[in-house]
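**Student:** Here is how the chains run, residue by residue.
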Amino acid sequence: MADLRTEEFVVNMGPQHPSTHGVCRLVLTMDGEKVVKIEPVIGYLHRAIEKVCENRTYMQCIPILDRFEYVTSMSCNYVFSLATERIAEMEVPERAEYLRVIMLELNRIASHLLFYGVTAMDIGALTPFLYGLRERELIIDLFEMTCGQRLTYNYIRIGGVSRDIPKEFEPKCREAIKIISEKMADYEGLLNENPIWLKRTKGVAVLPKELAIAYGVSGPVLRASGVQYDLRKNDPYCIYDRFDFDIPVGQNGDCFDRYMLRLNEIRESIKIITQALDGLPEGDIKNKKSRMTYKAPAGETYTRIENSRGEMGIYLISDGGKKPLRVKAKGASFNHIQVLPHFGTNMFIADLVANFATLDVIMPEVDR
Amino acid sequence: MEGAVGMTEYLSVAFFIIAGTGIVLFTFFLARLIRPHNPYKEKSMPYECAEDPVGDSWIKFNNRFYIFALMFVIFDVEVVFLFPWAVAFGELGLFALVEMVIFILILFFGLFYAWKKGVLKWV
Amino acid sequence: MGLIKKVPVYTEKIPGGAFVLTSLETVLNQGRAKSLWYLLFGTACCAIELMCTGASRYDFDRLGMIFRATPRQSDLILVAGTITKKMAPRLRRLYDQMSEPRYVIAMGGCTINGGPFYYDSYAVEKGIDHIIPVDIYIPGCPPRPESLMEGCIHLQEKIKKQKLLDWQEK
Amino acid sequence: MTRQELASYIVEKYGDLMKPLESGKYDPLFVVEVDKLVDIAQKLKDDENLKFDYFCNLCGVDTNENFEAVYNVASITKNLRLDFKVILPYDKAEVESLQSVWPAIGWYEREMWELYGINVKNHGNLTRFLLPDDWDQGFPMRKNWDAPDFKRMPEK
Amino acid sequence: MIWPIATLELAPLFSWLRGLLVDLGLSEVWVTSISYLALGAIIFGVLALLALFLVWWERKIAAHIQQRFGPMRHGWHGWYQTLMDALKLLQKEDVVIESRDKVVFFWAPVLCFMAAFLAYVVMPWGENLIVADLNIGILYIMAITTFTVISLVMAGWGSNNKYALLGGMRSAAQVVSYEIPMVVSVLTIIVFVGSLSMVDIVKAQSGLMFNWFIFKVPFGPIAFITYIIAATAEANRTPFDIPEAEQELVAGYNVEYSGMKFAMFFLAEFINLFTVSAVATTLFLGGWNGWEFIPSWGWFLIKTLGVVLLLMLFRWTYPRLRVDQLMEFAWKFLIPLTFANLILGGIIKYLGWHW
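Protein chains in written order, with the numbering used here: chain A, 1 to 368; chain B, 1001 to 1123; chain C, 2001 to 2170; chain D, 3001 to 3156; chain E, 4001 to 4355.
Honestly, I wouldn't trust all of these hints.
Keeping only pairs whose Cα atoms sit at most 20 Å apart, straight-line, the calculated EDC-like set for lysine to aspartate or glutamate is [as the list claims (entries may be wrong)]:
#, chain 1, residue 1, chain 2, residue 2
1, D, Lys3085, A, Glu210
2, B, Lys1041, E, Glu4028
3, E, Lys4102, B, Glu1091
4, A, Lys209, D, Asp3133
5, C, Lys2085, D, Asp3136
6, C, Lys2126, D, Asp3047
7, A, Lys37, B, Glu1091
8, B, Lys1121, E, Glu4328
9, D, Lys3078, A, Asp31
10, C, Lys2085, D, Asp3149
11, D, Lys3151, C, Asp2120
12, D, Lys3143, C, Asp2096
13, D, Lys3143, A, Glu54
14, D, Lys3078, D, Glu3048
15, D, Lys3051, A, Glu210
16, A, Lys233, D, Glu3065
17, B, Lys1041, C, Asp2096
18, A, Lys322, D, Glu3155
19, C, Lys2085, B, Glu1042
20, E, Lys4332, B, Glu1091
21, B, Lys1121, E, Glu4098
22, D, Lys3151, A, Asp31
23, D, Lys3045, D, Asp3091
24, A, Lys323, D, Asp3146
25, C, Lys2085, D, Asp3053
26, E, Lys4349, B, Glu1091
27, D, Lys3156, C, Asp2120
28, C, Lys2163, C, Glu2146
29, D, Lys3143, A, Asp319
30, E, Lys4332, B, Glu1051
31, D, Lys3156, A, Glu210
32, C, Lys2085, B, Glu1051
33, C, Lys2085, D, Glu3155
34, A, Lys202, E, Glu4098
35, B, Lys1121, A, Asp246
36, C, Lys2126, D, Asp3136
37, D, Lys3051, A, Asp319
38, A, Lys209, D, Glu3155
Treat the hints as calculated values from the structure; they're not laboratory data. Here the structure is a predicted model, which is why all the values come from computation and not from measurement.
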């Protein structure tokens, strides 16, 4: 059968397509149902965040960087603050560090819940999407009561956090993570025991370890391929070295591993949050030096943290002036979408959709 | 008279075709009275995720789909034979049963052959 | 054919015609207003809030709004998120390919005037009303789901007030 | 290997090729010559004690005096991080592609070429991808770049 | 001239209409034609109402599964929501693609609707409530509903759009593959009834619940399950909705359709859903049979809507299958199983091991 040649045709998937998660465009060369060649076209969301940041003061950069990766805005706040703190060698109060960890991990859970829903929707099950978002709202409520925003928080500031948590936060947070850890059974019951789901994800779109490392893939996608590399353990920042948690690692690097790994990460994040809430000290939430007109001394550094998609980095150069000389933002999705043509071909279009969903690409991180 | 009754009943299909088409065309007509109609070049282009379509979509399509159509024809013919058999089964008895089992088995040899040859696998 | 365009000319002359016209107008407006199917289109941050609005807590479906993936079948394009200069022609194309009558909601600061990217950004289109006509503007960065829903309700009210030929071809 | 050990190891072993920079905070930062770039990258990747197999980020910089290209690399097996940069004068902004060493660098180099106009030799696919297809206003990330519809934030 | 609908519960209306037509001095041919056309219009009306209800119901069920409310604002629990949708679709522009295949593009929705509509010629709504009791009833339904696939391929091809083409091709492959298990499941029942007439099939199950074919162990439940699976595929519903897989093919074969033409596809989809459920009711669940306190058409509707509910629950629970898995499931599992079940049924019938 294979020698019967048929015409290949080119299909544009995107920029407006339900499963490209934003405005990515994949130019697919297809032979019937099979994708023969993928050519990603990006830039539809290139908003020049880096240029804007060069013309803002340090504090003004933070809300702009919120939009760099809006699903986990806290990480964006944090990575920029951390970069500035490293250049300035600034101390951060203990309480602020704890609050940061709580917020970062809550945001990771929120992001993974969104991933859970969107992936299920891309594979055709609509209901999990709403379940995922339902629990995400609980976390959004927590953020809202802390910083007044649902999506772009502008909470973690240079040298601390912008304001203290309200009294109700702690009980609410404990309740939320309790509900989420109970609902995890629902999520898994809905999909993991479903033979169709297993058939659609197991063994599909395997990303080999070597390819993943060569193309700079990071985060859950890299770990699903069997590489134990999590910056929270391997390049510790903040106070992650004080907490007891595991790094889930996959074996096969297929869609199922990537999906499962994120669900397991939710569990680990819940562990971290519980420990952080238990150990939350009293005290200042901000370094005294941190003001709206903060100026960092000259210096440069590449700072990277582990956000829900992988390595998020900021290359920050300060020349001692009011504004940073250069802010280069690196998002994990940039590498993920770059590696896609190298392992995503010769599969069904349905598998491509599943693959794209489990890579958890988000376009502002790619285009900036 | 008996035959005429039968014919009348089949006539109902013809009249339903007329009625159905008529109603659909009528709703189209009704919509045509009300709806706006404003075609221009951009609107009349095929939708391909807001991009210019590349190449023609009327192509020699992958043969995989046709294989299933061919297999379907074989089995559908079998099913056509099965219908009268099923209707008359009560009267025919054991002979019909054995015969049909043999008939189905022969066809299934074909299916298993195709299976083994990898025809059922989507390559 | 658009025969309806000639209806006011004739009916207004006959007695009671104005009443018939108003009734027809009301009925047709109800249909358009109460069944707004939005195009599944989101570019940036606002798209996440759009998803949240469709989800359980806020539930767009209550207003009778469901999403369609193709512009041919959608009535409303919710421009959720920044439109860059590269995306602008595609947005225009999407709008063009929608079937009339069609409505536009500009959701969020970026779509209104560029929002946080008004200054210093070389790539952001400063306001989508340079590209397509906008019915409702919803400020916020991103707007809360409640404000999005309120915007949609305002759009429904706006549609209900339309005259018979407002939504016909210009 | 701690950061200090890594810095002193590199100075000791590749001191003639890589000069440490004071401005680098936290992780060690070195400056290298443009024409030895590929050579150094390959050595960093192959060195038994370093094994910089993971490419993090490439960043073009316009310092108002010259261009720089900063490479941030990491080692998964040895758990190390290192930055090194090349300094490029305005009139000769050109680097060699490092795709043979780290395939991941491909798109970063494209981006650097597109936004800064730093040419990348032997890249193979140096095409526009972030800016609109019909972009004709030059390289927008350069400090002296300007365009008619480009509005700067007014100073207070 | 014998009226096939003579004993219909609607008969007074028809006697009146017929009397009126005869009084007008029309010949028998005209009387028959006009009556049938009127009957067609009534059935259309019923189906349109049913479709409106089913769309609303599906939205409500989906919403409640997902812990939402669904349509709420337009009427009590949004009861006239779908009416508004229909009214809106009536006013939508009919976008035509310049490069389309004119004839094919225009007739695809008509044919799609016709294929769904014609099945109701032989649908036994209740006792004596049938348009025409054709003696090939079930074969006719099986044949006529397969027309849908032609219309979908036509829609896919006529649109000159690659997504639509892929959707059309997928639907062709899917429907032809699931046609066989569906028909063979039905055959298992025919072996017992010995007739293809829908009325005969229902009558063979008259009496108590245990006369329904679904309870004829062991082959009855198997046939029912295989039929339901195949029927889900025939009706293009999740987990078999690959022809219009939103996340893969945008909207599949109806990408380019808007306004009333799209409405016809939409209507046909829900009529098809009702058709396959009604056939399941007729074949396996005893059709209109039931206790006296509800009229026969009431039983028919209740049972059919029950099956519809089942299919809706499938839709909002399962992910979508991939095209090759779909085919393999049909050819490697469902077809051998249904044929084995057919032989089993034949043996049981021959030996008389059934009640």
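**Student:** Against the structure, test the hints numbered earlier, and report the numbers of the ones violated in rising order.
**Tutor:** Hint check: 1, 2, 3, 4, 6, 7, 9, 12, 16, 20, 21, 22, 23, 25, 28, 30, 31, 33, 34, 35, 37, 38 fail, others pass.
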